[in-house]
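A.B. asks: One-letter residues, chain by chain:
Protein chains: 2
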Amino acid sequence: MRLVETDPIFDRSDRYFLGRSERFHKGLRRMRRLVELRSEYNLSAHDMITLQQASDEYVPIYLHMSMFIPTLEGQASDEQQAKWLTAALQFRILGCYAQTELGHGSNLSGLETTATLDRSTDEWILHSPHLSSAKFWIGALGKTATHAIVVAKLIIDGRDHGAHPFFVPLRSLEDHKVFPGIVIHDIGPKVGANTMDNGFMMFKQYRIPRENMLMRYARVSRDGVYTKPIHDKLAYGAMTYVRVGLVVESAELLSRACTIATRYLAVRRQGPVTVPNAREPQVLDHLMVQYRVLPRIAQTYALRFTGMWMYSMYDKLMQQLAQNNVNMLADVHAYSSGLKSYTTTISMEGIEDLRKCMGGHGYSMFSGIPDFYATALPTTTYEGENYLLTQQTAKYLLKQIELVRQGRSDALSTTTDYLRQLVEPSLFAQQRWSVQSARDLDDANLVLAVYAHRAARVIRELEAAKQEDGVAWHDLQVESARVSRAHCQYIIAQCIAYYLASKSFARLSPATQTVMRRLMTLYHLYTLERDMGDFTEDGYVSAMQVALIRRELRSLLRAIRPDAVGLAESYGWPDFLLNSALGSSDGRAYERMVEHLQREPLNNGEMDDGVIRSYRECLRPLIRGEVGQWTPPETGRSSKL
Amino acid sequence: MRLVETDPIFDRSDRYFLGRSERFHKGLRRMRRLVELRSEYNLSAHDMITLQQASDEYVPIYLHMSMFIPTLEGQASDEQQAKWLTAALQFRILGCYAQTELGHGSNLSGLETTATLDRSTDEWILHSPHLSSAKFWIGALGKTATHAIVVAKLIIDGRDHGAHPFFVPLRSLEDHKVFPGIVIHDIGPKVGANTMDNGFMMFKQYRIPRENMLMRYARVSRDGVYTKPIHDKLAYGAMTYVRVGLVVESAELLSRACTIATRYLAVRRQGPVTVPNAREPQVLDHLMVQYRVLPRIAQTYALRFTGMWMYSMYDKLMQQLAQNNVNMLADVHAYSSGLKSYTTTISMEGIEDLRKCMGGHGYSMFSGIPDFYATALPTTTYEGENYLLTQQTAKYLLKQIELVRQGRSDALSTTTDYLRQLVEPSLFAQQRWSVQSARDLDDANLVLAVYAHRAARVIRELEAAKQEDGVAWHDLQVESARVSRAHCQYIIAQCIAYYLASKSFARLSPATQTVMRRLMTLYHLYTLERDMGDFTEDGYVSAMQVALIRRELRSLLRAIRPDAVGLAESYGWPDFLLNSALGSSDGRAYERMVEHLQREPLNNGEMDDGVIRSYRECLRPLIRGEVGQWTPPETGRSSKL
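Sequences listed follow chains C and E, in order.
Residue numbers for the first sequence follow UniProt numbering, beginning at 1 and rising by one.
Residue numbers for the second sequence follow UniProt numbering, beginning at 1 and rising by one.
It is possible that some hints are incorrect.
A few chain C residues that face chain E, going by a derived Cβ cut-off under 10 Å, partial list only [stated by the list, open to error]: (1) Y226; (2) Y363; (3) M365.
Within a straight-line C-alpha distance of at most 20 Å, the following computed SDA-like cross-link-like pairs (lysine to any residue) qualify [said to hold, decoys possible]: (4) E/K83 - E/S221; (5) C/K26 - E/W630; (6) E/K395 - E/V471; (7) E/K153 - C/N277; (8) C/K26 - E/D563; (9) C/K83 - E/R460; (10) E/K395 - E/R460; (11) C/K177 - E/P169; (12) E/K204 - C/V273; (13) C/K395 - E/S172; (14) E/K26 - E/T375; (15) C/K153 - C/L108; (16) C/K466 - E/A547; (17) C/K316 - C/R292; (18) E/K395 - E/M328; (19) C/K26 - E/R616; (20) E/K83 - E/L18; (21) C/K26 - E/R620; (22) E/K153 - E/T86; (23) E/K228 - E/Y241; (24) C/K26 - E/S221; (25) E/K466 - C/M544; (26) C/K316 - C/Y236; (27) E/K204 - E/R216; (28) C/K503 - C/P632; (29) E/K204 - E/P272; (30) C/K177 - E/R613; (31) E/K395 - C/V273; (32) E/K83 - C/H46; (33) E/K26 - C/I623; (34) E/K177 - C/Q598.
Hint data in this document are derived by calculation from the structure and do not stem from the laboratory.
Predicted model, so just to flag it, every value in this text is computed and none were measured.
Glycine residues also receive a C-beta, built at the ideal position from the N, C-alpha and C atoms.
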């Protein structure tokens with residue numbers, strides 16, 4: 001943080017005023033500086049990523065670091081690495097990862113770019129047969145990358161061996177010109193992430209040496225013989241790792257919005273004065289505002305606990321995979337798909353609602369939320385579209401329920417053990433939630449029970465729907481999404497329970513423990529209330545219990561209110577990074593709004609005395625009646641212009 | 001449409017590339033042209049607004065036309081109108097409406113700007129005592145307006161008579177300079193609406209003549225005597241009118257996103273090929289996508305029918321008010337508050353989900369959704385913050401329930417007549433929904449019954465909560481929001497029923513009637529499913545019925561799918577206005593994406609051969625190893641950069 005805070009090249013005071021081109025070029029200067037800092041401070045890859053994140057803006061080499069190099073390390077053979085990796089590590093070549101096409105994203109098998117072997121010259125011929133085959137959305141491709149990992153269908157003698165990665169030079173290292181046979185464009189403005197040059201690329205019979213196919217796993221020999229890859233189970237792990245990262249990131253992004261909104265809503269005062277001579281109440285004292293803000297703070301903690309647990313599970317998985325033990329794989333894949341989907345969805349929804357909670361001022365860029373939100377939005381789409389991902393989770397759960405049907409409940413995983421309840425359907429149908437008082441709502445077992453019952457029930461319903469005549473798997477996408485959501489809410493509840501039973505929780509002061517327990521109960525009551533239909537539908541939760549949940553939710557909001565600002569600030573976001581007039585740590589929200597707006601270019605340097613340059617051309621002729629002469633009809637008061 | 005489509009000044013091909021300043025100045029040229037067109041074609045006020053909307057971008061005079069002139073017409077005395085109105089109608093003065101302050105929006109009584117009478121000079125002294133008193137968000141104030149209606153506390157001899165409107169000159173008609181005693185700035189970039197110069201303004205003992213107070217209702221005489229306004233009930237009508245407009249607008253905006261998304265999702269193909277040699281399925285054939293899109297189309301119709309009914313009620317109200325009959329006033333105020341809140345909320349939520357539905361490409365500005373969405377977003381905040389508004393509705397419903405308690409059910413309004421059910425609490429508690437088959441779900445009476453029961457129940461619960469010890473009105477904001485939502489859903493259902501029983505519906509072809517009935521049933525099932533907890537909580541809707549709803553919903557999606565594109569297109573949005581590569585009427589989504597991106601400034605005119613201007617400064621030094629020299633550690637394969 002100190003490096004970016006003190007170096008003027010990372011200055012962000014003009015962030016909200018720059019158009020796309022200026023912001024992009026400024027990003028490139030920042031990118032160069034990042035590389036210089038690496039050499040000055042001998043930074044590790046991890047440090048570099050951290051530094052880039054502290055500058056809070058994408059630079060094109062982000063994808064070089066996070067996708068291009070890891071792919072070389074993972075998929076290139078040792079000889080290939082010896083040839084390319086040092087140059088990549090030194091940024092003497094700048095890479096990107098070109099997989100998605102204009103016509104295909106999620107369905108990898110639909111990719112159309114071909115790499116056809118020409119035996120006579122020992123080369124691959126890369127080609128884009130249709131417009132829909134164009135590589136699209138490729139970060140760093142548009143203007144900066146010199147090389148790409150291109151994913152293309154590998155074809156030998158007319159036989160298609162499926163998608164494989166190739167190392168492809170794009171631009172001359174001499175003058176940066178795109179090589180003949182390739183067409184590249186930047187894809188233009190996006191909702192956010194506009195410092196990234198996402199690119200479009202088409203190949204026209206473009207040739208690269210046979211050795212440029214990444215050959216750590218699959219191989220093609222000089223005489224054109226294709227050798228299938230030995231399956232690399234560790235690759236599954238990598239996908240999981242990225243998804244865990246997104247769960248943690250969704251907690252962080254939500255907390256960033258919580259910090260800004262909570263601070264501002266504690267500063268702003270609005271509403272009827274009920275006590276004579278008192279000031280207006282803080283907006284954060286309105287119950288509706290508490291209802292919109294405090295559960296979001298609770299979610300940041302719940303998601304963080306979930307991310308921590310997922311990282312520990314990931315480590316365990318990788319240890320097992322290294323020993324060729326694949327027991328955990330399907331389970332981890334299932335919940336990490338669902339949790340990526342669920343957590344990014346509620347995080348993005350939460351950030352936007354926190355912005356709206358700030359009323360009119362939340363709509364100003366100076367509120368500090370819109371800019372990072374716009375850039376974070378695609379987390380709901382990339383690394384698996386959020387609705388598609390839920391099908392992975394649901395498919396796995398249907399397999400698990402089969403274990404129950406086969407009398408093999410003992411083979412259920414820890415996260416799906418609740419399906420055991422379905423062994424006795426009639427008992428299951430008679431189950432009722434045994435909560436009777438507010439105190440019961442703090443009981444970890446009772447809390448887990450309600451999520452477990454609901455998850456088991458919706459999975460059983462999906463199973464039943466699947467068995468209906470004429471129903472295909474793709475008819476059940478809506479039900480699958482419901483099932484995945486239910487399973488994920490159960491796992492998050494489990495993670496909260498693990499945390500509250502952990503040594504690190506035990507080390508907290510009693511007062512902090514009380515606050516944290518309250519916050520987690522608030523998380524649960526809010527979650528239950530939002531999906532209430534799922535819990536009451538079969539009578540498991542009664543009308544009396546619903547009323548209890550609503551009443552306790554209200555009383556918890558009041559109880560947590562005094563700690564709201566502290567809880568919202570606990571992530572420790574520095575002011576530099578928040579870049580928010582309304583959410584700065586000193587609480588000078590209005591003063592900072594005015595400081596910010598004085599930097600607006602329309603307020604500066606246009607003409608003398610703040611008169612805009614269009615005045616002579618556009619305003620003066622109207623005001624002087626030189627254009628658009630028109631006489632109002634003589635009808636007295638009229639709403640005719 | 002033809003006027004804006006053919007005049008090059010309204011060209012929109014560069015819309016998504018312009019930075020704020022360029023876009024603002026371009027808007028001013030468009031504004032001047034609008035005024036010229038008024039004179040060329042002798043356009044009415046209504047035509048002018050239509051023309052501005054067809055150009056699909058705010059211009060500063062939008063507020064002159066929609067706020068400044070109507071306020072003069074409504075609040076200025078006849079003499080004042082004679083003095084100012086013609087100049088305003090001719091755009092020789094340019095006005096804005098300055099009410100909101102940096103510290104106060106919703107709570108009007110908290111406004112701090114003062115207008116103090118100086119008897120000796122017969123002047124008002126306008127003053128902003130604190131930074132929080134600064135006028136803020138005032139559209140057209142920042143750079144363009146010459147005059148403002150300023151809302152300020154009227155003070156005579158130390159006595160505060162509350163907020164009143166004043167006619168205030170801001171800038172010289174000679175050179176457009178801001179007069180001494182006033183400080184004005186543009187407030188800087190916002191999420192959207194950046195062609196509007198929203199402004200900041202502070203007064204420092206700024207003097208205007210006493211006659212500049214708008215004196216149609218309240219008056220102050222030469223000797224400083226304040227005369228209270230005769231209450232103008234028609235003013236309530238105006239507020240209602242604006243809210244009805246927002247309901248209709250929320251239907252239109254949602255339909256705009258539906259048109260774009262539905263077209264694109266019918267063009268794009270993705271997913272497993274189930275029939276040999278077939279193409280991939282259209283994305284719109286995925287059930288999950290249908291579930292996200294088709295109910296949104298249904299909502300556009302439901303909201304439109306609601307808006308049409310609201311306009312007819314508004315006319316009725318105005319006729320009655322003209323005869324001093326205020327019977328309808330409270331009812332109309334209650335539902336128009338709630339419906340403005342409910343419809344803008346679901347419209348904005350729907351637009352953003354439709355964008356996400358389009359996957360990665362939805363994130364491109366060329367999708368055509370992000371730009372208009374960003375500008376439409378504040379509809380959830382202005383004309384009454386959406387959550388605050390629900391309290392108005394809830395308060396009214398509590399008054400209506402009192403009628404029931406007093407045995408005066410006959411005095412209930414048409415929209416609240418359902419509260420009559422509460423006369424017999426024990427009968428009410430035993431009510432069960434009598435739906436037994438899919439066919440019953442089309443029965444208008446049964447559909448109304450489920451909304452009516454639920455609305456009555458949550459209102460009764462709010463009443464009970466209010467009677468608990470120690471519970472104040474502001475503790476019930478969450479419950480109020482729930483009550484308002486329930487009431488609004490009932491009214492929308494009523495409006496749908498009115499429409500399906502109307503003559504205009506009867507005139508449709510039988511085939512169209514079938515489609516429309518299906519669509520409205522889809523609307524209901526989707527609405528019920530989303531709020532299921534509210535309907536099942538007290539057992540009114542059974543688990544069997546929930547299962548039925550879900551199954552029928554799925555089957556309706558399949559039934560409506562063939563008509564989806566036709567229904568989504570029925571608003572007839574012209575391509576010019578949509579400005580969407582993905583949603584254009586010819587379905588050439590990918591071709592148009594490429595046409596659009598070729599206009600990106602980074603792809604043009606930076607240097608020869610598409611090499612960006614930062615290459616020499618930022619990229620070449622890295623590629624040539626001139627900066628940031630660094631040697632990777634000798635550890636072989638490593639993820640150290």
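A.B. asks: Now tell me if each hint is right for this structure.
C.D. replies: Results for each hint:
no. : hint            : result
1   : Y226            : violated (24 Å)
2   : Y363            : holds (5 Å)
3   : M365            : holds (4 Å)
4   : E/K83 - E/S221  : holds (18 Å)
5   : C/K26 - E/W630  : violated (24 Å)
6   : E/K395 - E/V471 : holds (15 Å)
7   : E/K153 - C/N277 : holds (18 Å)
8   : C/K26 - E/D563  : violated (49 Å)
9   : C/K83 - E/R460  : violated (76 Å)
10  : E/K395 - E/R460 : holds (12 Å)
11  : C/K177 - E/P169 : violated (58 Å)
12  : E/K204 - C/V273 : violated (28 Å)
13  : C/K395 - E/S172 : violated (71 Å)
14  : E/K26 - E/T375  : holds (17 Å)
15  : C/K153 - C/L108 : holds (10 Å)
16  : C/K466 - E/A547 : holds (14 Å)
17  : C/K316 - C/R292 : violated (37 Å)
18  : E/K395 - E/M328 : holds (16 Å)
19  : C/K26 - E/R616  : holds (14 Å)
20  : E/K83 - E/L18   : violated (40 Å)
21  : C/K26 - E/R620  : holds (16 Å)
22  : E/K153 - E/T86  : violated (28 Å)
23  : E/K228 - E/Y241 : violated (25 Å)
24  : C/K26 - E/S221  : violated (60 Å)
25  : E/K466 - C/M544 : holds (18 Å)
26  : C/K316 - C/Y236 : holds (14 Å)
27  : E/K204 - E/R216 : violated (27 Å)
28  : C/K503 - C/P632 : violated (80 Å)
29  : E/K204 - E/P272 : violated (69 Å)
30  : C/K177 - E/R613 : holds (12 Å)
31  : E/K395 - C/V273 : holds (19 Å)
32  : E/K83 - C/H46   : violated (70 Å)
33  : E/K26 - C/I623  : holds (18 Å)
34  : E/K177 - C/Q598 : holds (17 Å)
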